[in-house]
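Visitor: Following the hints, complete the assembly by docking chain P onto the known chain C.
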Amino acid sequence: RKEVEQDPGPFNVPEGATVAFNCTYSNSASQSFFWYRQDCRKEPKLLMSVYSSGNEDGRFTAQLNRASQYISLLIRDSKLSDSATYLCVVAMNTGFQKLVFGTGTRLLVSP
Amino acid sequence: EAEVAQSPRYKITEKSQAVAFWCDPISGHATLYWYRQILGQGPELLVQFQDESVVDDSQLPKDRFSAERLKGVDSTLKIQPAELGDSAMYLCASSLEGHSNQPQHFGDGTRLSIL
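From first to last, the protein sequence lines stand for chains C and P. According to the working numbering, the stretch in the first sequence is residues 30 to 140, in order. According to the working numbering, the stretch in the second sequence is residues 232 to 346, in order.
One chain only, chain C, in its complex shape (with noise of 0.2 Å):
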């Protein structure tokens, strides 16, 4: 079983629907989680991390279920920038953070 586990997609969705992505990890030691943003052939860049309280940035709403080992990302209003992959990343402190990324699920936002 993979350490980081997300449907891979694509998610195909019209400009403004809402899409929720879903990502659960097997290390119920794991204390640090986020969701990264991966456009086409460039690098991965912090969208946001992710509290067990359940935080809210704009039109992007992440939850944590650590009973669960549950992670998500909603996105509302989807804009057609919103197209990237997204990759779901717990990390573990061992001393030091090490981070263990998900496959990613890919969006696509059409007009």
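Simulated from the structure, these hints should not be mistaken for laboratory data. Keep in mind that the hints are not guaranteed to be accurate.
Stated by the list, open to error - Covered by chain C, per the in silico footprint, the following chain P stretches (three or more residues, Cβ under 8 Å):
#	region
1	241-247
2	266-273
3	333-345
Every residue gets a Cβ at the ideal spot worked out from N, C-alpha and C, and that includes glycine.
Guide: Quick look at chain P alone, frame taken from chain C:
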């Protein structure tokens, strides 16, 4: 353009040859990471430095891969000899310290193609 500098952007070489990648992290960042990303997958950590010391190289194929960060600033990742399966994007990242709540900043990557 990413603040973490990597070169070259692209590298095409034949199998059995030696290749080297260079990374200059964000100024003041003590922690430096090398990742490999195969098409369709997420990045996988190869090696992590804290200043000039390796703190995690458990996923580095040490028979052919080596990495160094001699002065605790820029770093070099080498493959010798390269194999067809090494074709991938090699990403360098840095963070201020290695703590779990600090974001990692990635460079543009080096795309390696082995013929």
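Visitor: Hint by hint, say whether it matches the structure.
Guide: Evaluation of the provided hints:
Restraint check on the region 241-247 of chain P versus chain C: 0 residues with Cβ-Cβ distances below 8 Å, three needed, restraint violated. Residue count for the region 266-273 of chain P with a Cβ under 8 Å from a Cβ of chain C: 3. That meets the three needed, and the coverage hint holds. Check result for the region 333-345 of chain P against chain C: holds, 9 residues qualifying (beta carbon to beta carbon below 8 Å, three or more required).
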